[in-house]
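Peer 1: Protein chains in written order, with the numbering used here: chain U, 1 to 313; chain P, 1 to 296.
The hints are simulated quantities; they were obtained by calculation from the structure and are not laboratory data. Where is the CB? At the ideal position from N, CA and C, for every residue including glycine. Treat the hints loosely; a few may be bogus.
FRET-style restraints, in silico, Cβ to Cβ [what the hints assert, rightly or not]: (1) P:122 to U:217: 47 to 53 Å; (2) U:125 to P:28: 39 to 45 Å; (3) U:94 to P:73: 48 to 54 Å; (4) P:128 to U:63: 25 to 31 Å; (5) P:76 to U:171: 51 to 57 Å; (6) U:54 to P:49: 28 to 34 Å.
Cross-link-like lysine-lysine pairs, in silico, DSBU-like; alpha carbons within 35 Å at most [claimed, not checked]: (7) U:64 to P:31; (8) P:61 to U:124; (9) U:159 to P:61; (10) U:124 to P:21; (11) P:21 to U:70; (12) U:270 to P:61; (13) P:21 to U:7.
A few chain P residues that face chain U, going by a derived Cβ cut-off under 10 Å, partial list only [as the list claims (entries may be wrong)]: (14) 21; (15) 23; (16) 34; (17) 135; (18) 139; (19) 141; (20) 203; (21) 251; (22) 252; (23) 254; (24) 258; (25) 268; (26) 273; (27) 276.
Each chain, letter by letter, is given below.
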Amino acid sequence: MYRYVIKRLLFLIPTILGVTLIIYAVMSITPGDPGRAMLGTSALQADVDAYNAALGYNLPFPIKYFNYVKAMVIDQDFGFSYLTKQPVFDEIWPRFLETLKLAFLGVFIAASVGIPFGIYAAVKQYSLWDTVPSLVAFFMAAFPSFVLGLLFLYFFSLKLNLLPSYGIGSFEHYIMPALAISIPPAAQNMRFTKSSMLEAIRQDYVRTARAKGAAERTVVWKHALRNALLPVVTQIGLSLGVLIAGAVVAEKIFSIPGIGSLIVDRIAYKDEPVIIAGTILISICFTLVMLLVDIIYAFVDPRIRAKYSNTKG
Amino acid sequence: MNHQKVESTTVDSFKRPSQTKEIWRRFSKSKGAVIGFVLFSIIAIMLLAADFIVPYEAAIKQDFSQQLAAPSREHFFGTDGYGRDAFARLLHGGRTSLSIALLATFSSAVLGSALGAISGYFGGKVDSFIMRSLDIFMSVPDILFTMAVVYALGANFTNLLFALTLAYFTNYVRLVRSQVLNLAEQDYVEAARAGGSGSTRIILSHIIPNAVGVIIVNTTLNVAKIILYESTLSFLGLGMPPPQPEWGLMLSEAREFMRTAPWLMFFPSAAIVITAASINLMGDGLRDALDPHLKS
Numbered sequence: 001m002y003r004y005v006i007k008r009l010l011f012l013i014p015t016i017l018g019v020t021l022i023i024y025a026v027m028s029i030t031p032g033d034p035g036r037a038m039l040g041t042s043a044l045q046a047d048v049d050a051y052n053a054a055l056g057y058n059l060p061f062p063i064k065y066f067n068y069v070k071a072m073v074i075d076q077d078f079g080f081s082y083l084t085k086q087p088v089f090d091e092i093w094p095r096f097l098e099t100l101k102l103a104f105l106g107v108f109i110a111a112s113v114g115i116p117f118g119i120y121a122a123v124k125q126y127s128l129w130d131t132v133p134s135l136v137a138f139f140m141a142a143f144p145s146f147v148l149g150l151l152f153l154y155f156f157s158l159k160l161n162l163l164p165s166y167g168i169g170s171f172e173h174y175i176m177p178a179l180a181i182s183i184p185p186a187a188q189n190m191r192f193t194k195s196s197m198l199e200a201i202r203q204d205y206v207r208t209a210r211a212k213g214a215a216e217r218t219v220v221w222k223h224a225l226r227n228a229l230l231p232v233v234t235q236i237g238l239s240l241g242v243l244i245a246g247a248v249v250a251e252k253i254f255s256i257p258g259i260g261s262l263i264v265d266r267i268a269y270k271d272e273p274v275i276i277a278g279t280i281l282i283s284i285c286f287t288l289v290m291l292l293v294d295i296i297y298a299f300v301d302p303r304i305r306a307k308y309s310n311t312k313g
Numbered sequence: 001m002n003h004q005k006v007e008s009t010t011v012d013s014f015k016r017p018s019q020t021k022e023i024w025r026r027f028s029k030s031k032g033a034v035i036g037f038v039l040f041s042i043i044a045i046m047l048l049a050a051d052f053i054v055p056y057e058a059a060i061k062q063d064f065s066q067q068l069a070a071p072s073r074e075h076f077f078g079t080d081g082y083g084r085d086a087f088a089r090l091l092h093g094g095r096t097s098l099s100i101a102l103l104a105t106f107s108s109a110v111l112g113s114a115l116g117a118i119s120g121y122f123g124g125k126v127d128s129f130i131m132r133s134l135d136i137f138m139s140v141p142d143i144l145f146t147m148a149v150v151y152a153l154g155a156n157f158t159n160l161l162f163a164l165t166l167a168y169f170t171n172y173v174r175l176v177r178s179q180v181l182n183l184a185e186q187d188y189v190e191a192a193r194a195g196g197s198g199s200t201r202i203i204l205s206h207i208i209p210n211a212v213g214v215i216i217v218n219t220t221l222n223v224a225k226i227i228l229y230e231s232t233l234s235f236l237g238l239g240m241p242p243p244q245p246e247w248g249l250m251l252s253e254a255r256e257f258m259r260t261a262p263w264l265m266f267f268p269s270a271a272i273v274i275t276a277a278s279i280n281l282m283g284d285g286l287r288d289a290l291d292p293h294l295k296s
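In isolation and in its complexed conformation, chain U is listed as follows:
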C-alpha cells in the first residue's frame, strides 16, 4: 500500500513538469517579447534586445522551459509582471490564498449539502424527500455559477439590501460568492450520490443483510452507505474543476482579490508572466488535491488496496 502511495507521489513529478510544459508551451505561442513589454513602446530596440538577451528570451524553447522550471522550483521565482514590474510570486501568492479559502468553502458546502440529500433521496426513493430535492438539483445543474452570482447580486444586494455586493471585509461578504460557486457542484454531488446509493442498495450483499434480518438502519448505514460513498470521493475531486471555474467568475462578479480574477484581469494587459504563473499554481494545487483524492480512495476501498498490494505494488 505504501508502495502505491510512493508511486503516486513520484508520478507527481512528471505530472507537474508536464502541466508546466503544456501551459508554458501554449502561452509561448503569443506574439510579443518581455523586453518590449517591460521597457515600453518608446524604448530603444537595442535596449529591448539587451533586456531579452539578459533574460535568455532568445534561447531555444527547451532551454527556456528548463530555466523557467529551475527558477520556479529553486527560488519560487516566476519572473516579473509586465504590468506592475513587481515579482510575480509576491503578487500571486496572497491572491492564491484568497482563492483557496473560497474554493475550500465551496467544496465544503457542496459536499455537506449534496451528499446527505443524495443519500436521503435514495433511501426514501419516490417520496417527497426524493422528488423535491432531485428536481431542485436538476435545475441547479443547469445554472452556471456566473448566472447564480448575478442573480444573487441582484436580489440579495440590490433589491433586499441584505448582503454586501463586493469585497472580503467580513464573513457576510463570502456568503453569496460561496453559494454561487457551490450550488452547481452541490447539485452534481447530490445527483451522483443518489445514483451511487441506489446502485449500492440493489447489490446482493444488501439483499443478504436484509434477508438475515438486519435492521433497516444497519442495512442503510453499514452496508449500503459505506460502499456508495466510495465513488463519491472521486466525484468530489472532480467537482473541484467546476468549482475552480466558478471561483474565477465569482471573484470577478464580487470583486474578490483572488488569483482567478487576477488572471482574467491581466489577460487584458497581456501580462504573460502573471497569467502563466497563476495558471501553473492553480494547476499544481488541483493536481495535489486529485492525488489526495486518489490516495484516500485507495485507503478506503479494500478492493483497490488488495489490487495494488498484489500486482502493481
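Chain U is fixed; fit chain P onto it per the hints.
Peer 2: Okay, now just chain P, sitting in the frame of chain U:
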C-alpha cells in the same frame, strides 16, 4: 420539424429497428424527456430561423436614441446600453453558442472516442502512454486551459472550438476505454470469438453497438455542459469578438445596468438555463431509455 427527423435517424443508425422502436417508446413515455425534447426543438427551430424572425443587423446596429428601452412590442426584450435589440442579440447569440457547443461536442467525441478505443483495444504500452499523458493533461483545470488557449491564439470561432474540444475530449477517452475493456470481457464477445469471429467482426458487431448508447448519452449531456462553459468564457470576455452577440457576453454587459435595466440580465440567464435544462432532460431520458436497468 426538420429537427425531429435528424433525431430519429441518429437513433436508427445504432440499433436494429425493433430496438429503436423500443427505445423511442421508453423515451417518449418519460414526461421529462418529452418536455426536454419539445423545449429543445422550439429553441433549435427559433435559433435556426433567427434570420427570418429578426435580421442579424438588429443585433449589432447601435441606436443611441433607444438606449436601455424596457421590453415593448417593438423590442420584445428591450434594448441594451448601445440601443441594440436584446431579442435579436439573444437569438443570434444563441445561434453562435449552440453551434459552437454542438461542433465542440462532436469533435471532442470523435477525438476522445478514437483515442479511448485505441487505448482500450491495444492495451499495454500504447494504453499506458495515452492514459498517463491524459492524467497530465487533465491536471490543468478546464477553465484555465481554455483561457490560456483562447488567449494565446486569439478569440474567434475556430479557436474557441479548438479550445473547447481539447478541454472536453478527455471525458470520452476514459469512457470509451472503459467500455471497450468492459465489453471485451463479456460472455457474448467470448462466445463470438469461440464461434470463430475475427477481431474486426467482434468490434463492429458486438463492441461498437453496445458502447454507442453510453457515448450518445454522454454526448447529449456534454452539449449542455459546453453551453454553460462557453457562456462562462464569453462572460469573462474570452468568447467571440464583439460586436458578435453571445449569451455570456450579454450578461457581462447587462451587469452594468443591473439597477436600471434588470431585464437585460433576466432574459439571457433564462435562455442559458432553459437550453441547458432541456438538453439535460433529453439526456436523462435517453439514458433511461437506452439502459432501463439503470433505472430501478
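Peer 1: Evaluate each hint against the coordinates.
Peer 2: The hints, checked one at a time:
1. A hinted range of 47 to 53 Å holds for the C-beta pair residue 122 (chain P) and residue 217 (chain U), which are about 48 Å apart.
2. With their beta carbons about 23 Å apart, residue 125 (chain U) and residue 28 (chain P) fall outside the hinted range of 39 to 45 Å.
3. Between residue 94 (chain U) and residue 73 (chain P), the C-beta spacing of about 53 Å keeps the proposed range 48 to 54 Å intact.
4. Evaluation of the 25 to 31 Å hint for residue 128 (chain P) and residue 63 (chain U) yields a pass: the beta carbon distance comes to about 29 Å.
5. A hinted range of 51 to 57 Å is violated for the C-beta pair residue 76 (chain P) and residue 171 (chain U), which are about 42 Å apart.
6. Between residue 54 (chain U) and residue 49 (chain P), the C-beta spacing of about 60 Å breaks the proposed range 28 to 34 Å.
7. In summary, the hint linking residue 64 (chain U) to residue 31 (chain P) is not supported, as the alpha carbons are separated by about 59 Å, beyond the 35 Å threshold.
8. Between the alpha carbons of residue 61 (chain P) and residue 124 (chain U) the distance comes to roughly 55 Å, so the proposed pair goes past 35 Å and is violated.
9. Taken as a hint, the residue 159 (chain U) and residue 61 (chain P) pair is honoured in the structure, with Cα atoms around 32 Å apart against an allowance of 35 Å.
10. A C-alpha spacing of about 33 Å is found between residue 124 (chain U) and residue 21 (chain P), which places the hinted pair at or below 35 Å, so the restraint holds.
11. Restraint check: the Cα-Cα separation between residue 21 (chain P) and residue 70 (chain U) comes to about 62 Å, which exceeds 35 Å; the hinted pair is violated.
12. With a C-alpha separation of about 30 Å, the suggested pair residue 270 (chain U) and residue 61 (chain P) falls inside the 35 Å cut-off, and the hint holds.
13. For a cut-off of 35 Å, the pair hint linking residue 21 (chain P) to residue 7 (chain U) is broken: about 50 Å separates their Cα positions.
14. The interface hint given for residue 21 (chain P) is violated, since its Cβ lies 27 Å from the closest Cβ of chain U, which is over the 10 Å cut-off.
15. Taking 10 Å as the C-beta contact cut-off toward chain U, the hint placing residue 23 (chain P) at the interface is violated, the least distance being around 20 Å.
16. Hint status for residue 34 (chain P): violated, given a least beta-carbon distance of 15 Å to chain U, over 10 Å.
17. Hint status for residue 135 (chain P) relative to chain U: holds, with the closest Cβ pair at about 7 Å, below 10 Å.
18. A cut of 10 Å between beta carbons decides the hint on residue 139 (chain P): the least distance to chain U is about 4 Å, and the hint holds.
19. With a least beta-carbon distance of about 5 Å to chain U, the hint placing residue 141 (chain P) at the interface is held under the 10 Å criterion.
20. Contact between residue 203 (chain P) and chain U, as hinted, is not supported at the beta carbon level, the nearest pair being about 27 Å apart and thus beyond 10 Å.
21. Taking 10 Å as the C-beta cut-off, the interface hint given for residue 251 (chain P) holds, the closest approach to chain U being about 6 Å.
22. Interface restraint check for residue 252 (chain P): the shortest CB-CB distance to chain U comes to about 8 Å, inside 10 Å, so the restraint holds.
23. This hint holds: residue 254 (chain P) has a C-beta 8 Å from the nearest C-beta of chain U, less than the 10 Å allowed.
24. Taking 10 Å as the C-beta contact cut-off toward chain U, the hint placing residue 258 (chain P) at the interface holds, the least distance being around 6 Å.
25. Interface hint status for residue 268 (chain P): upheld, as the beta-carbon distance to the closest one in chain U is roughly 8 Å, under 10 Å.
26. A hinted interface residue such as residue 273 (chain P) counts as satisfied when its beta carbon comes closer than 10 Å to some beta carbon of chain U; here the least separation is about 5 Å, so the hint holds.
27. Given hint, residue 276 (chain P) at the interface with chain U, holds; its Cβ is 4 Å from that chain's nearest Cβ, closer than 10 Å.
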